[in-house]
Amino acid sequence: MLIRRFFALGLAFLAASSPIRGLAEDFAKAREILSTRCLKCHGGEKTRGGLSVAGRDSLAKGGDLGPAIDADEPDESLLLQAIRYEEGLEMPPSGRLPDDEIQALAEWVAAGAPWPGGEGSEEVAGADAHDEEEPAAWPYAQVERPAVPAVEDAGWGRNPIDAFILAGLEPDGLAPAPEADRRTLIRRATYDLTGLPPTPAEVEAFESDPAPDAFERLVDRLLASPRYGEAWGRHWLDLVGYAETNSFERDAAKPFIWRYRDYVVDAFNRDKPFDRFALEQLAGDEVAPDSVEAQVATGFYRVGLWDDEPADRPLARYEALDGIVANVGQVFLGMTINCARCHDHKKDPIPQSDYYRLLAFFIDMGRQTGLETRKVGPERVEVMAAVSKGRDQAHVLLRGNPALVGPKVEPGVPIALGEAPTFEAGRGKRRALAEWLTDRRNPMTARVFANRLWQYHFNRGLVPSPNDFGTLGEPNTHPELLDWLASELVDGGWKVKRMHRLIMLSSAYRMSSRPSPEALAADPQNRKFQRFPMRRLTAEEVRDSILAASGALNDKAGGPWVCPPIPDEVLAGQSVPGQGWTVSPPDESARRSVYVHVKRSLALPILATHDAADVDASCPVRHTTTVPTQALGLLNGSFSNEQAATFADRLEAEAGAGDLAAQARLAVLLTTGREPSADERARDVAFLRSLREEAGLSERAALVQYALLTLNANAFLYID
Amino acid sequence: MSHQDQFCGRTRREFLWETGGGFTAAALAGMLSADGFLARQARAADGLTPFVNPLAPKASPRPAKAKSVIFLFMYGGPSHVDTFDYKPDLYPLDGKTIEVKTFGRGGKKNEGRVVGPKWAFRPYGECGKMVSDLFPNLGSCVDDMAFVHSMYADSPIHGSAMLMMNSGRILSGHPCLGSWVTYGLGSENQDLPGFVVMLDQTGGPISGPKNWSSGYMPAVYQGTVIRADGVPIHDLAPPKGVDRPLQRRLLDRLREKNEEHRATRAENSELAARIASYELAFRMQRHAPEAVDYGQESAETLSLYGIDRAETADFGRKCLLARRLVERGVRFIQVYSGGAHNDDNWDAHGDIVSNHTKHAGRTDLPIAGLLKDLKRRGLLDETLVVWGGEFGRQPTAEYAEGTGRDHNSYGFTVWMAGGGIKGGVSVGTTDEIGARAVDDRFHVKNLHATILDRLGFDPDALSYFHGGLDQKLVGVEGAEPIHQLI
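As given, the protein sequences belong to chains G and D, one line each in that order.
Quick note on this note's numbering: the first sequence kicks off at 1 and runs consecutively.
Quick note on this note's numbering: the second sequence kicks off at 1 and runs consecutively.
There's no promise every hint is true.
[Claimed, not checked] Quick list of in silico lysine-lysine cross-link-like pairs, BS3-like style, CA-CA up to 25 angstroms:
no., chain 1, residue 1, chain 2, residue 2
1, D, 109, D, 96
2, G, 40, D, 422
3, D, 65, G, 46
To be clear, the hints were calculated from the coordinates, so they are not data collected in a lab.
Given these sequences and hints, build the entire structure.
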């Protein structure tokens with residue numbers, strides 16, 4: 001509105017002083033100004049914002065923000081807005097032009113922006129490639145269940161997954177790796193489904209189980225464990241960028257947001273179908289307003305950053321909405337719709353209007369704060385759930401700038417995905433969105449989620465960039481397998497545990513991680529999944545496994561977060577050391593990492609150094625970095641040393657004080673799931689003795705050092 | 001595919017993607033063309049897969065003027081009109097209420113009571129730069145310094161403004177300047193972190209570790225807090241009761257076990273990397289404390305930094321450590337003046353005189369000592385020193401009484417020295433009362449672009465692929481360096 005008024009005034013002023021139409025020669029000064037003031041960055045050395053001022057055509061075509069000159073309403077031309085330093089667009093950025101230069105350019109634009117020879121001399125730059133793309137190419141094509149391929153070796157496969165994998169190997173003359181041994185399998189499967197190591201008793205039972213369905217029963221037992229939801233819920237928390245504070249100056253805690261974490265954990269444990277899981281998170285308040293569970297699920301919208309003291313309030317509101325749009329786009333659709341906030345997507349067929357049509361579903365939530373809660377259900381449970389306020393109209397924002405309001409838009413889904421229903425603004429629109437997301441006509445949600453299931457089992461997605469199926473993502477290594485998995489997911493009623501069974505009971509999942517020389521030469525990156533990919537423990541698994549080995553792990557589930565001790569040296573980095581981190585008592589501090597407080601401005605060192613998810617955006621793949629600071633923390637840090645002492649207590653208690661061989665055996669068993677070889681055990685015992693006899697340590701101190709050693713070993717940190 | 005096309009047994013594209021990827025062509029070319037880049041890596045047993053240390057040194061894509069950066073962060077926001085931005089017209093207005101648009105902690109205002117500058121200014125050096133009496137020692141260095149008086153930023157609120165100065169964005173989640181530099185250049189010294197942060201004795205700044213976070217980049221690029229005395233790095237020292245020979249015994253047996261484990265898993269270069277990381281850690285334990293051992297420094301040097309005076313000893317030690325880290329190849333060193341809240345830092349809302357007297361008094365001599373020491377050792381040419389806060393302060397009072405000033409992101413001053421920056425230069429101006437930048441305005445992005453440019457980067461080309469975008473420190477649209485200074 002403000003801008004409109006400004007234009008009206010400007011127009012009146014111009015009408016009195018400018019000629020109607022002019023000749024190019026009359027406006028040499030205006031072109032001179034463009035050349036000296038603008039060309040360097042716009043068409044000369046650089047073409048910033050996609051805009052060139054080198055010719056009339058290129059100005060009319062404009063850049064990322066659209067045409068720079070508007071023939072119909074010249075005084076509203078973006079060029080003039082920018083040089084007048086109107087809200088948000090300030091060009092040139094080094095300082096406002098003198099008034100006479102601004103007026104000269106305004107007069108020239110009003111006169112139709114005449115240019116010698118009529119046109120610019122240079123070519124029009126920046127034509128977007130995707131205008132001419134045909135619709136519905138992969139990944140936007142419908143999912144059609146592919147036929148299971150025929151393979152030469154009919155004896156290897158246990159289910160159709162294996163046929164797809166084998167069909168990728170056979171043309172290269174590669175054979176799949178042999179089946180891993182029982183100890184490897186139980187350790188792999190137990191970490192995979194629960195994020196924890198198997199106990200020695202579980203290892204022994206599985207190893208000595210002669211039944212042909214032993215592995216099947218193992219998988220079923222693990223899927224029934226409450227630890228399963230903690231591990232797989234954590235994956236989902238990575239994706240939504242789950243955190244329990246608001247960031248910014250105060251980084252205040254989000255009250256009761258932990259109920260959302262518990263909701264996610266429970267959803268996996270109870271095998272909630274993924275379509276229902278999506279519906280409750282996106283629209284639980286609309287679908288079941290009296291259900292505490294459904295309301296808590298909409299905490300999905302509350303986990304992001306929130307600026308309680310924004311310098312620019314409208315911008316802060318749209319930043320919060322951007323977090324939601326980015327999450328819905330990447331997490332459910334594998335589309336970087338967030339890249340179309342300021343202009344059309346550069347590579348994918350996502351126009352800027354798609355961003356704002358998706359945003360229109362959530363616009364009522366742009367004013368929710370990072371603190372407010374409400375009481376829901378018959379028991380008036382206090383929850384942090386979606387808050388819809390007002391009924392705002394969504395608009396396209398030029399250049400993503402809240403001050404540059406463009407055309408109105410109604411709620412809608414990306415046009416690249418083909419036919420979609422018409423969505424009504426107002427209550428119920430998020431429900432309609434959620435239903436469309438898991439509708440068979442939408443190819444993306446099932447593909448994207450099936451890919452994530454594969455990724456978390458096999459350590460790499462079939463599409464290795466799981467949040468981006470677009471042009472800038474990584475190519476799909478097994479398109480048919482992915483569509484087959486997506487079909488299974490939907491046909492199986494979106495049941496997730498069923499998918500785990502399907503994947504884990506394949507022969508592919510049971511392969512050894514050891515490559516043959518031929519396979520290593522032919523496929524060093526293992527793109528074809530010729531063998532099972534090794535991986536390092538995740539940050540949470542590192543900490544939880546140390547607690548499990550020492551015996552200190554408290555497996556209490558759910559409830560408010562816990563704050564294990566953080567060394568003073570680390571707290572010293574806070575402006576008020578210790579603020580927002582009230583240390584929990586020891587037994588609470590020994591709970592699983594999924595229950596550790598996720599404070600945006602302060603992280604538990606052992607989690608941070610082992611590549612825990614950055615929580616300010618969706619984290620689709622954990623980094624795995626290897627640096628000396630990890631070694632320093634595990635060797636010298638207070639957590640690992642305290643746990644080593646506890647571990648030593650356990651070794652003494654369970655293997656017998658003074659029985660070095662039994663202590664060494666148990667330590668290796670607890671940290672790797674393996675029996676040490678006689679040679680390894682003998683050398684471990686010799687090491688323990690040397691600590692006492694040569695380094696002068698007490699029996700107890702020597703055992704603590706040995707326990708610490710086993711918690712630093714690669715065999716402990718890596719899974720075959 | 002030839003072996004040369006592989007990094008770590010992966011294609012280049014995969015390597016870049018897995019390591020977070022997204023080097024632009026220029027940065028990639030720089031990385032690949034660095035002679036000896038691959039040779040410096042230990043090779044895994046299959047002979048194909050080099051161990052790529054993410055912090056291994058990399059050549060800059062273009063010839064660099066600066067090798068290291070020392071960023072002296074005046075947290076809280078020093079008042080430009082009381083320090084380096086001389087406003088003679090502001091003195092006579094003291095106490096008068098004038099029309100002026102301001103935006104600070106107290107919100108947007110259209111008028112305010114002027115607080116005249118509380119210190120006299122006098123000319124220094126050949127360039128005749130006017131500097132306030134808060135900085136008599138820095139005054140003697142002005143011919144090596146370049147002042148930017150026309151800085152502006154997006155937020156006048158500490159938390160978001162700190163993030164902007166450190167990461168280019170007012171939202172958290174983005175890598176800091178030091179992260180970008182170590183991502184692009186690696187570290188020359190594997191015994192020390194490539195990006196270090198020294199905090200004020202009163203504590204960290206608002207938002208704490210967010211100010212040295214690597215955001216969406218791997219954690220290896222985040223800043224490491226380092227202390228200027230005692231044990232410099234967290235977890236560097238073995239716990240009580242463990243000496244170095246004992247730790248060596250443990251590491252020897254650990255190495256044996258790890259090598260046995262690796263023997264049948266040679267294709268996994270991470271295992272070799274992790275074995276090597278323990279040896280690197282052991283070396284760090286020996287070499288890192290040497291950096292904070294000032295025993296070899298002469299009394300004259302200690303005095304130059306003010307380490308022999310109670311008021312300046314703390315910041316002086318940090319400035320001296322900064323020089324010693326530069327000598328040892330550390331890329332990016334950030335030193336905070338001011339911590340915690342209120343008058344523990346430069347945030348002079350109540351009494352500008354007591355606040356700035358304290359903070360300038362603690363830092364003037366050490367910073368001047370640093371510049372002089374770098375210069376006489378021939379290090380200033382390749383070390384870029386940056387001084388500034390997250391914003392400046394208003395020409396008017398925040399409250400009805402007193403001399404305190406509110407925040408001002410419409411205009412403020414930073415200065416730079418060394419590292420290929422012209423000396424004795426001032427660019428840009430604020431209006432006659434210092435309320436806002438008017439001529440040759442420079443956004444924080446331009447400051448960042450200038451720093452990247454001096455380090456040998458094209459600021460528009462240094463990128464990291466994340467969230468579907470080639471993310472850049474200077475934003476997707478890029479930014480020009482401050483050409484008048486380079």
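Restraint status (C-alpha distance of residue 65 of chain D to residue 46 of chain G at most 25 angstroms): holds, 23 angstroms
Straight-line alpha-carbon gap residue 40 of chain G to residue 422 of chain D, limit 25 angstroms: Holds, because 23 angstroms separates the two Cα atoms, which is no more than 25 angstroms.
Satisfaction of hint between residue 96 of chain D and residue 109 of chain D, Cα-Cα up to 25 angstroms: holds, 15 angstroms
In this structure, every one of the numbered hints holds.
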